[in-house]
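> What follows is the residue order along each chain.
Protein chains: 2
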Amino acid sequence: MPDSALLPHILDLAEMGPARLPQDARKMAELSLFDWMVVSLAGADQPLARIIRDFVAAEGGVAKAAVTGSKLRVPARAAALANGTISHALDYDDTHFAYIGHPSVAIFPAALAAAEEMGASGGDVVDAFLLGAEATCRIGMVLGRDHYDAGFHQTATSGAFGATIAAARLYQLDRDALSAALGLVSTRASGLKSQFGTMGKPFNAGAAAANGIEAASLAKRGFTASTDAFAGAQSFLAAHHADNAGSGKIADWSFDKFFFASVSHKLHACCHGTHAMIEALLLLQAGGKIAADDVDEVRVNITPRWQNVCDIKTPQTGLEIKFSYVFLAAMVLQNINLAAYESYHDAACKDTYLMALAERVKVVGDDSIADSAARVEVRLKDGKTSSQSFDLLSPIDPAVLGQRLLAKGAALIGTAAAHDLWAMTNNLGGVSASDLASKLQR
Amino acid sequence: MPDSALLPHILDLAEMGPARLPQDARKMAELSLFDWMVVSLAGADQPLARIIRDFVAAEGGVAKAAVTGSKLRVPARAAALANGTISHALDYDDTHFAYIGHPSVAIFPAALAAAEEMGASGGDVVDAFLLGAEATCRIGMVLGRDHYDAGFHQTATSGAFGATIAAARLYQLDRDALSAALGLVSTRASGLKSQFGTMGKPFNAGAAAANGIEAASLAKRGFTASTDAFAGAQSFLAAHHADNAGSGKIADWSFDKFFFASVSHKLHACCHGTHAMIEALLLLQAGGKIAADDVDEVRVNITPRWQNVCDIKTPQTGLEIKFSYVFLAAMVLQNINLAAYESYHDAACKDTYLMALAERVKVVGDDSIADSAARVEVRLKDGKTSSQSFDLLSPIDPAVLGQRLLAKGAALIGTAAAHDLWAMTNNLGGVSASDLASKLQR
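Read top to bottom, the protein sequences are chains A and B.
For the first sequence, position 126 matches number 109 in this note's numbering, and the numbering has no gaps at all.
For the second sequence, position 278 matches number 261 in this note's numbering, and the numbering has no gaps at all.
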């Protein structure tokens, strides 16, 4: 697809009616809504959450949309800024590997705030989110690896376009106004990877969400912008190092299949690079093949790329545990719930049993293994061996995924609250956006 | 200067006390304040001004800062967004050629709104503006031509850093907090040249100003960000195509001389590419060397580069007149005030006397002439000839410039209002930021 065809394609996507949305992607969007609300609530007491709430509270304004973790209600743009930032505080939200970004934290805050402002339904929130998320996937894939390597954070850059589409749908913009909104957000979308490890990373998500509300609101009022600003010469794509092969790389530009459907949900509160190992170990455990006391050696085969990221041999803090293959493997063997934030505490580093187990784990770099995969080989003291591979990109049954997300929710916000949210997000008929938003408040 | 030294340099600059500010630059900042207020008021009824006011009015919020052209008072961030956008509506504000950006429209809105919020003085506004503007010049020069050619609009990108410094000074941030604010705005600064010719261009200025307030406000509350985000690997500079020779190019990194002092003020409401010709013709006229009725031929020598920009031979609308050397030359010869917006009306295109005069003007491309210059040669019907060159970068006596800006102000907002503003901005002792801001309201 030439760059000039990208804007019409995205406009066509944004105008799809609810009946045409692929059902697998729609179901995944509901699961993402549940998961996003869980991680939002779980992150609501982080220091950055308090600061961003203070900021929007001090500005005040019309009470249109709820702010997570408070009784505050503020203008939609401010709510999107705060809620996006808060929901990414734990970095425990969903990830889309095809464009290397977090769709929910940039798009749900915009969709929910705009829906509250318009009095829309919970189903409308999910539809608007899904179209925004799918646009974000496609735009992010066009931006591609060059964009990421140059230093941009796709959650924020691609995400701002998705947030705009979601907000524009809820504000009922026609095609011309949506086109202006996308032109306007082209000049506003920003965000750097160099923020990783600071409050600036979650802020990127909030800024993307707020950009979406701002662009859609202004376009609704008749503000114009260059539609050339999105693709073409000196456009957002060109200026922001879009991969030259970006649009050519995408095999299927139809609307029958949504790329969003392959979104990944974090099920463990640690570095994503360790998740394939954890899943493989959990499968071995569930199969009754290993008990911690019987283990002689565990070999974890992963791509060498991750060895610079999450291979701390003797973690000293709870945060370091999140980046330690050997310690995380020991914790799985010990049946510690890695979905729960509390599991990652400094004292665990001094647990002599875990330390001894961790010493039996060997990490092996293997170029033949994908970023998203791991192979685990276990030898027991009796000489028996077993092995298991896992790839995070393997399709997962939505029902199984749902149960695991529910368990994660219970670990993060308590069983009762998780089940309450679960019931609501799995039965959106008759639920308003305000009903949903009220669950984020306290 | 290596990139790693840039952030400390900018922090040192931002911490300069008022007594150390170079007086020529300080005087120029006062003139820019007057000029910025004039063009703000003159642009306050443009359609985009009404839309951006509607937007911030609908959000509401605490009444901290004035919105141009209304009785509205809103949070500082919203006022900065609206006022920056409104003040660039006419594209009649000051330009800094060394970094190719408009300093006042991005930085004054942030400085004024933050000063109102803090109850600061008019003098504080000018000091904060000047330090922000000087930082913007230096950062913009480091970004350089590569950044501009890639499609970025320095008014918005460099401008956001200056707006942050101005706001941070008024919010009384310490060095660590300022450092965080600059890290945060690194992830927010954005803006594309492809918006030129749409409401998106003025919006870029407003967004830069709002980014400054946002970053400084959050940093004041303890929000952190990566300070590596400004310079270094995968920083703002690297990701946004900073000229590799950028910092090396700057001969004088001392604080004794401010680059801002060479800012240019637009004295005519037409394309900047025509201004050197207009000045040269005005000099010839003032010298008594030409009267319209006596002219046989006018030859306008300019760089060929401008011939693609502002050489419309037979303009059909007032807007096209702004890009027509031949018609503008005829209007100067006819003593029409080119500072006044009303002079550029569609009916003027049908004025047979002007049309006949315009036919006598020849535009000649000459590679030896700088972008900022023109040479005009006039032959009268009696055979007498005279010529005059002009370069917009030639130093201009501040007193002369002041009188011309006052005349421009009178043409745009009326004599009484211009003199009232003139008196206030030339005597800032005892004037509060709120006094200044109230002059933008009506």
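Keep in mind the hints are simulated off the structure, nothing from the lab.
Please note that a few of the clues may not be correct.
It does not matter which identical chain is used: a pair holds within one copy or between any two.
As the list claims (entries may be wrong) - Below, computed lysine-lysine pairings styled on DSS-like, alpha-carbon distance capped at 30 Å:
{"id": "1", "residue 1": "Lys345", "residue 2": "Lys422"}
{"id": "2", "residue 1": "Lys203", "residue 2": "Lys345"}
{"id": "3", "residue 1": "Lys367", "residue 2": "Lys422"}
{"id": "4", "residue 1": "Lys232", "residue 2": "Lys364"}
{"id": "5", "residue 1": "Lys422", "residue 2": "Lys296"}
{"id": "6", "residue 1": "Lys232", "residue 2": "Lys345"}
{"id": "7", "residue 1": "Lys203", "residue 2": "Lys47"}
{"id": "8", "residue 1": "Lys232", "residue 2": "Lys54"}
{"id": "9", "residue 1": "Lys54", "residue 2": "Lys203"}
{"id": "10", "residue 1": "Lys333", "residue 2": "Lys345"}
{"id": "11", "residue 1": "Lys272", "residue 2": "Lys232"}
{"id": "12", "residue 1": "Lys240", "residue 2": "Lys364"}
{"id": "13", "residue 1": "Lys333", "residue 2": "Lys296"}
These figures come from a predicted structure and were not determined experimentally.
> Give a verdict on every hint.
Hint check:
In this assembly of identical chains, the alpha carbons of lysine 345 and lysine 422 never lie at most 30 Å apart, being 44 Å within a copy and 72 Å across copies at closest. In this assembly of identical chains, lysine 203 and lysine 345 lie within 30 Å of each other by CA distance neither inside one copy nor across copies; the values are 58 Å within and 46 Å between. Proximity of lysine 367 and lysine 422 under a CA criterion of 30 Å is satisfied in neither setting, with 50 Å inside one chain copy and 85 Å between copies. Taking the shortest Cα distances, lysine 232 and lysine 364 never come within 30 Å of each other, neither inside one copy (49 Å) nor across copies (67 Å).
Neither within a single protomer nor between protomers do lysine 422 and lysine 296 lie at most 30 Å apart by alpha-carbon distance, with minima of 40 Å and 65 Å respectively. Taking the shortest alpha-carbon separations for lysine 232 and lysine 345, neither the intra-copy value of 37 Å nor the inter-copy value of 52 Å comes in at or below 30 Å. Taking the closest pair of Cα atoms, lysine 203 and lysine 47 come within 30 Å of each other both inside a single copy (17 Å) and across two copies (26 Å). Proximity of lysine 232 to lysine 54 under the C-alpha cut-off of 30 Å is found in neither arrangement, the shortest distances being 46 Å within a copy and 53 Å between copies.
In this assembly of identical chains, lysine 54 and lysine 203 lie within 30 Å of each other by CA distance both inside one copy and across copies; the values are 29 Å within and 23 Å between. Only within a single protomer do lysine 333 and lysine 345 lie at most 30 Å apart by alpha-carbon distance; the minimum there is 20 Å, versus 86 Å between protomers. For the identical chains of this complex, lysine 272 and lysine 232 are neighbours neither inside a copy (42 Å) nor across copies (66 Å), given an alpha-carbon limit of 30 Å. Taking identical chains as interchangeable, the C-alpha atoms of lysine 240 and lysine 364 are never at most 30 Å apart, the minima being 48 Å within one chain and 76 Å between chains.
When the C-alpha separation of lysine 333 and lysine 296 is checked against a cutoff of 30 Å, the pair qualifies only within one copy, where the shortest distance is 13 Å, while the shortest distance between copies is 82 Å.
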